[in-house]
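Peer 1: The chain contents come next:
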Amino acid sequence: MDEPAKPENAAVYIVKTTVNQERSVAGLLAQVAKKDRFDIRAILVPDELKGYVLVEAAVPEEVDQAVQRVPHARVVIKGESSFAEVEHFLSPKPTVTGITEGSIIELITGPFKGEKARVKHVDEVHDEITMELFESVVPIPITVRGDNVRILKREETE
Amino acid sequence: MVDKVCRECRSIVLSGQSCAVCGSTNLSTDWGGYVVIIDPSRSQIAKKMQITLPGKYALKVR
Chain A
1 MDEPAKPENA AVYIVKTTVN QERSVAGLLA QVAKKDRFDI RAILVPDELK
51 GYVLVEAAVP EEVDQAVQRV PHARVVIKGE SSFAEVEHFL SPKPTVTGIT
101 EGSIIELITG PFKGEKARVK HVDEVHDEIT MELFESVVPI PITVRGDNVR
151 ILKREETE
Chain B
1 MVDKVCRECR SIVLSGQSCA VCGSTNLSTD WGGYVVIIDP SRSQIAKKMQ
51 ITLPGKYALK VR
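As given, the protein sequences belong to chains A and B, one line each in that order. The first sequence begins at 1 in full-length UniProt numbering and counts up by one. The second sequence begins at 1 in full-length UniProt numbering and counts up by one.
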């Protein structure tokens, strides 16, 4: 019944994976950790990091052993990161950050893909931008998600 | 089938129409990021995200 004392302080280890298999690797790593009682505490898969998962664990050897049992998990990168270094992944910034009213943007997806427009309103809470297309004869406001646009020119000062 | 995420506690709902963690029916299919919490009592990630139950969670829900 006596389990060996496990260190309280964990570090974050980076596991290289096949691209687009990050979530399945995280799920399988968690299953292996539970089954074999590895001291892995959490697994983080930020959308910004393609081909990597971040594993919070006490000792790197256990991460290494778990990785060897999971398909699409390739290798544990040497060294460790502190929690502070990965903390920013936990609170992702809205995609509209940096876009201001008056900026000129280009739509990169949807039926108006390739169209240029001027930003009329930025909604940080809902992560949306309202704009008016340049090509449109009648100015109709269109609202799209912040990740559907590319900034061409920041707010113009007239 | 696309997994749903609870807008209240960000837990991933694999089946059913309500969240198994908080019971909310306010679910979303538009989410990003993925976190598996195994040991919430000793995980700094779980503490920062204020998660007390092990499970799968999203980082961002719209």
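FYI, nobody ran anything at the bench for these hints, they're computed from the structure. Ideal Cβ positions, reconstructed from N, Cα and C, are used throughout, including at glycine. Just to be clear, a hint being listed does not mean it is correct.
Claimed, not checked - Stretch-level coverage of chain B by chain A, calculated; a stretch enters the list once three of its residues show a Cβ under 8 Å from a Cβ in chain A:
| hint | region |
| --- | --- |
| 1 | 14-23 |
| 2 | 26-39 |
Unchecked claim - In silico DSS-like links for lysine-lysine, alpha-carbon gap of 25 Å or less:
| hint | chain 1 | residue 1 | chain 2 | residue 2 |
| --- | --- | --- | --- | --- |
| 3 | B | K47 | A | K153 |
| 4 | A | K120 | B | K56 |
| 5 | B | K56 | A | K35 |
| 6 | A | K16 | A | K35 |
| 7 | A | K35 | B | K60 |
| 8 | A | K16 | B | K56 |
| 9 | A | K120 | A | K78 |
| 10 | B | K48 | A | K34 |
| 11 | A | K153 | B | K56 |
Peer 1: Compare the structure with each hint and give your call.
Peer 2: Each hint, compared with the structure:
no. : hint           : result
1   : 14-23          : violated (count 0)
2   : 26-39          : holds (count 8)
3   : B:K47 - A:K153 : violated (40 Å)
4   : A:K120 - B:K56 : violated (38 Å)
5   : B:K56 - A:K35  : holds (17 Å)
6   : A:K16 - A:K35  : holds (22 Å)
7   : A:K35 - B:K60  : violated (29 Å)
8   : A:K16 - B:K56  : holds (20 Å)
9   : A:K120 - A:K78 : violated (48 Å)
10  : B:K48 - A:K34  : holds (22 Å)
11  : A:K153 - B:K56 : violated (39 Å)
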